[in-house]
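Undergrad: Starting from the known structure of chain A, arrange chain B on it as the hints suggest.
Here the protein sequences line up with chains A and B, keeping their order.
1 is the number of the first residue of the first sequence in my numbering; add one for each residue after it.
1001 is the number of the first residue of the second sequence in my numbering; add one for each residue after it.
Since the hints were made in silico from the structure, they are not lab data.
All of these numbers come straight from a predicted model, not from anything done at the bench.
Be aware that a few hints might be false.
Coverage of chain A stretches by chain B, computed from C-beta distances (three or more under 8 Å per stretch; other residues unrestricted) [said to hold, decoys possible]:
hint, region
1, 86–94
2, 107–117
Simulated restraints on C-beta separations [said to hold, decoys possible]:
hint, chain 1, residue 1, chain 2, residue 2, range
3, A, Pro62, B, Arg1215, 50 to 60 Å
4, B, Phe1178, A, Gly84, 19 to 29 Å
5, A, Glu82, B, Leu1024, 52 to 62 Å
Glycine included, every Cβ here is placed at the ideal spot set by N, Cα and C.
The lines below spell out each chain.
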Amino acid sequence: MSGPLLEIRGLRVEFATPRGVARVLVGVDLDVDRGEVVGLVGESGCGKSVTALAVLRLLRAPGRVSGGRVRFQGRDLLALPEPGMRGVRGRGIAMIFQAPRDCLNPVLTIGRQLGLLLARHDRVAGGAATARARELCEMVELPDPERVLRAYPHELSGGMCQRAMIALALACRPALLIADEATTALDVTVQLQILLLLRGLRDTLGLAQLIITHNLGVVAEACQRVAVMYAGEIVETAAVGELFAAPRHPYTRRLLAARPRIGAAPDGEPIPGSVPDPLARPPGCAFHPRCHRAQPRCGEQHPEPAVLGPGRTVRCYYPEP
Amino acid sequence: MTRLDPATCGGLAITLALVLVALLAPWVAPHDPYATDAGRALRPPSLAHPFGTGVFGEDILSRVLWGARLDLLIAAGAVGFALVLGGALGAIAGFAGGLTDEGLMRGMDVLQAFPNFILALGIAAALGPSLPNLIVAIALTNVPVYARLMRSQVLTQRTAPYALAAVGVGNPMGRVLFIHLLPNTWSPILVQATLQSGWAILQAAGLSFIGLGVRVPTPEWGVMIGMGVQQVTAGQWWVAFFPGLAIMVAVIGLNLLGDGLQDWLDPKRR
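Here chain A stands alone, though its shape is the one from the complex (with noise of 0.2 Å):
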C-alpha cells in the first residue's frame, strides 16, 4: 500500500436548501500520512467539520457528496458499500467531537458504552473486556477507572467525558483519529491536557490524527502540518513552523494576524466583510472582496494551488513575499 494513509482529493459537498443549492466544499484537497498529525484551520463555517463527516459518510440530508475522491488505506471511501463502511467507521476512521458529555450516551454507564463497543469490533466480553477497558482507562490517562467506568457521563467533568470519549475512540484500534473541535468547550488548561494526551498517543500508538479547530493555538501546540481553509477550500497548506514563521497566502497572514497577543495590539486591521454565503460564492478567488493583495484578475480566475516546495502549497496568485 503506498501513497498517504488518507487522501482527498476534489471533495464537493452540496446542500439542496430552498433557496438553491449551498456549495459548501468546492474541491478540499488534503493528505493525511501515517502516523501525522495535521490541522485544519478555519472560521466557523468554511466546512471543516463538513470534510470530516464527509470522509465517514456521516453527512445527513441534505447535505451529500457532489464529486471528488477518498481514499483511505488504499480503498475508495465514497464507493463503498454500507456495511463495509461501518467497517472503516470506529477500526478504520474514528472521530471525537465537540461536546463530548452530549456524545455519550447519557443512560448508560461509561463501562458499558466500552463493553458494547469492545463486545462488537473486539467480539470480548467479561474478564478480558474489563481488563481491556481499564487499560484504555490508563491509555487516556483517566483517574480512578473503576469509578469512572461505573459513573454515568454526568457525573463527570467535562474533560473527563473528553478522555472517555477518546478511550472509546481508540478502543477499535483506529488508524486515524479525527478529532472535530475536540478541545473547544473545555477549559485551557484542560485543553492543554487533551492536546498533551493526544500528542502521546501518536508517539506511542503512531495514531494518525485530523484535528480540525479554529484555535491556531491548538494547531501550533498539537500539529505537524496544517491546512488552512476558507470558503470550502484548502487556501494554503505548510508544516506548521513554517506557516507561522512566513504565511503566504493573504487570509492566513490575517487570520495570524488577529490572533489577541499580550502586550501587542493585533497588527493591522481585523479582516473587513465576512465569510462568503455558499449559495452566493463570489467568481474567481473566493477570497479577494476581502483581500487586502487583491489584483483584477482575482475577480475573474480561480487560482489554482501553486506548490512552493514540499509539502507546502498555496491557492494565491499574488501570494504574500
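TA: Leaving out everything else, chain B in the frame of chain A:
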C-alpha cells in the same frame, strides 16, 4: 438514589396495596362476590358487611376487593397493548421519516379526531360487550398517545450527538436504534403509561357502567356503580359509593405514582 417524596410514596403504597388486593382477592374477601341472599338485601354498612349489601344481598366489600382484580387487569392489559403497538408505530414513524411517518401519523390523527370516550364506546359497541373487547377498545383509543410520544422521543434522540457518535464508531442503524435510542426514550413513556392506567380504569368503569363493557353481575367497579345508581335516590348510597371510592383511590394512586416517576426516572437525578 434520591429519596422519594411523600406524594410518590403514597402513590406507590396505594398502587402496591391495590395489586396485593387484586392478587389476594379470593383470600381477603369475606364473602363470595357472586353469592346472593334476598333476606339481607340493601343493608347499610355494618360489622358483618362493612360496605353494606346490594340489591340481591351481595356483599359490597367482597365485590369491591374482587373488582380490583378485574379493573387492574383491564388497565394493565389496555395500557400494555397500547404501549407496545403505539410505541412500535411511533418508533417506526420517527426513525423512517418521510412518507411512512406521514402515513402513520395521519392515521393516528384520525383516531385522535374522535373524543376518547366516544371512540372507545364505538369500538366496544362494534365488537360487543366482553372483557377482551373492552381491553381492545380502551387500548385502541390510547395507541395515538404512545405513538406520538415515542415518535417525538425518537426524533429528538435521533439527532442527538451521541447517536451520530454511535454511527461514527461503526454501528449499523438498527443497533443504534435499539441499544442507544430506545433506552433514552423510556422514561416519559413509562410515566405516561402509569398516568394512562388511571384513565384506563375510568374508561373501563365508564363503559361497563353504560353496559358496553363487562356485564352484571361481574364484580367490576363500573358495573357495581351502575347497579347502585337507582338506589342512591332511595337513600341507599353505599351500593354505588364504595366502588366509586375504589375508582377514585386507584386513579389518585396511579397519578401520584406517575408524577413521582417522572422526577425519579430523570437520569440526571440518579
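Undergrad: Could you tell me which of the hints above the structure violates, numbers in ascending order?
TA: No hint contradicted; all consistent.
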